[in-house]
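**Student:** Using the numbering used here, you'd call the opening residue of the sequence shown number 144 and step up by one each time.
Incorrect hints may appear among the rest.
Taking CB as the label site, the calculated pair distances span [stated by the list, open to error]:
(1) Ile223 / Glu272: 26 to 36 Å
(2) Pro250 / Glu177: 17 to 27 Å
(3) Ser269 / Ile223: 32 to 42 Å
(4) Glu245 / Gly163: 31 to 41 Å
For the record, the hints were derived by calculation from the structure and aren't laboratory data.
Predicted, not measured: the structure shown is a model, and the values here were computed from it.
Note that CB positions come from ideal geometry on N, CA and C, so glycine has one too.
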Amino acid sequence: MDSIDPQISCSIFVINPAMGIDQATIDLWRSIDEYQTPRIVVVSQLENQEADFDDAVMLANRVFDHVATPYLVLHDDAGIPCALISLETMRVTDYTTVPSQESACEPEHETLVQEFREEYLELSTSLGEGAFAAGLLFPAVPLWIKKGIGVDIVKEYLKQIKD
144 MDSIDPQISC
154 SIFVINPAMG
164 IDQATIDLWR
174 SIDEYQTPRI
184 VVVSQLENQE
194 ADFDDAVMLA
204 NRVFDHVATP
214 YLVLHDDAGI
224 PCALISLETM
234 RVTDYTTVPS
244 QESACEPEHE
254 TLVQEFREEY
264 LELSTSLGEG
274 AFAAGLLFPA
284 VPLWIKKGIG
294 VDIVKEYLKQ
304 IKD
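With the sequences and hints as input, model every part of the structure.
**Tutor:** What follows is the structure in structure tokens.
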């Protein structure tokens with residue numbers, strides 16, 4: 144790529160955790176750093192159980208900047224992603240129903256995600272409100288379009304960008 148258009152409002156980087164991140168994608172990420180372009184990392188292929196969301200986040204943290212995980216994936220009894228838990232609100236969005244339904248998390252979920260929640264809240268608080276739109280906070284969002292998982296979240300982030 145010869146140059147980056149500084150007028151780009153947002154970049155979305157799609158990661159398949161089973162495939163990794165190629166050098167061209169890493170170079171593209173770095174090339175837009177100087178513009179403080181808002182970036183979202185979406186993790187696709189959630190249905191593929193060879194690798195998972197956590198693996199993709201660890202990889203993104205190594206090759207990109209530190210990414211934030213505002214949501215974590217919850218799985219059904221068969222191990223298939225079915226819901227997301229917000230680390231900010233501790234609310235669970237269940238995508239097995241249409242439309243999806245939001246509810247309070249179970250006490251055991253609260254315990255399981257506490258460390259991740261503390262890390263996310265510390266990062267988002269230190270960067271301040273509007274950090275995503277300012278190109279300072281890079282959320283990693285689980286995405287399974289067919290099931291609707293994460294689509295609403297990506298849309299909410301895109302609404303934060305003001306031209």
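**Student:** With reference to the structure, classify each hint as holding or not holding.
**Tutor:** Going through the hints against the structure:
Taking the beta carbon of each, isoleucine 223 and glutamate 272 are about 35 Å apart, inside 26 to 36 Å as hinted. Checked against the hint of 17 to 27 Å, the C-beta distance between proline 250 and glutamate 177 comes to roughly 45 Å, which is inconsistent with it. Taking 32 to 42 Å as the suggested C-beta distance range, the pair serine 269 and isoleucine 223 conforms, at roughly 35 Å. Range check, glutamate 245 to glycine 163: about 33 Å between beta-carbon atoms, so the 31 to 41 Å window is met.
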